[in-house]
Every structure is written in C-alpha cells, then in structure tokens.
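**Student:** Sequence:
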Amino acid sequence: MTVLAEQVGSVDTVFKMFGPDHKIVVEAFDDPEVANVTCYLSRAKTGGIKGGLGLAEDTSDAAISCQQIGPVTLSDRVVSGKAEGEVVFRQRTSLIFKKLQVVRFYDKKRHALIYLSYSDKVVNGSPKNALSAVPIMPWTQ
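In this text, residue positions in the sequence shown follow the numbering used here: the first is 18, and each later residue adds one.
Please note: incorrect hints may appear among the correct ones.
[As the list claims (entries may be wrong)] Derived SDA-like pairs: lysine to any residue, alpha-carbon spacing no greater than 25 Å straight-line:
id : residue 1 : residue 2
1  : LYS145    : GLU44
2  : LYS116    : ILE41
3  : LYS126    : SER82
I should point out that these hints are in silico values taken from the structure, not numbers from a laboratory.
Please build the complete structure, drawing on both the sequences and the hints.
**Tutor:** Encoded structure:
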C-alpha cells in the first residue's frame, strides 16, 4: 500500500523565464501501516516549459526525515517485515520511467523503523539515497 504526500512548502532554486522555476519541494506523508509516524521528504522538482507540462525528469536528489509523533503500536505485518522492506511511498518523477520510493524496514534487534528513500528507473537507477530511523519507545506524557 502506498500513500500520497501533501506539500508543506517549496523554495525556488533556479529562475526560469518560461514555465515554473526549478524548486526544492517539501512534502509530508504518514506511514500507512504505522500510526503516529510521519515522514518528511525534500526533493528536487524540475521547472521550465518541460517541467510545467509534466515532461521533465526530476533529479534523484532527495532527503528524508521521519518522526514518531505519538504512541506507536507495530502490527504483526510490520514486525515480520521482509528483508527487502516494504514500499510505503511512491511518486513519479518523470513522464514514464522514473520514480521516487520510500521503503520501510523494521530492525528487530534495535527496535527501530528505518525509512530509505531512493530513485529508480526501469533501465538505470541511481545510487543516491537518504535514510531516517525512528526508535520505537514507550510514549511518555
């Protein structure tokens, strides 16, 4: 199951005479399987005429930060997660072939959720990635 992110804000990085400027976009999404964990993504968004028409390919530059925002209860599905992780977020970053993904892993030994963001392409992905860890602790009030 994947979710949509909501845009929190953006900053322009390159002025474009025609079409939107190149930007860094900040988005937030809640983990669909783990209540009270929110992830924030910052990613490059290509502007210009192609970007305005949705034809440009965004770069693979992205960062992620995830936080526990309340009491967390892990389901059996999350705890018994696969070694290759579970995709919790996916967004298209080109017209057809490229996408940004966030995959969740559960580290049983350290009782933490690990979120990995990366871009991939049908033919040639990118090694650029970012990582965020959320320790699962009893929530104190």
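**Student:** Confirm or reject each hint.
**Tutor:** Okay, the hints, checked on the actual structure:
1. LYS145 <-> GLU44: Holds: LYS145 and GLU44 sit about 19 Å apart, inside 25 Å.
2. LYS116 <-> ILE41: The hint holds at about 16 Å.
3. LYS126 <-> SER82: holds (21 Å)
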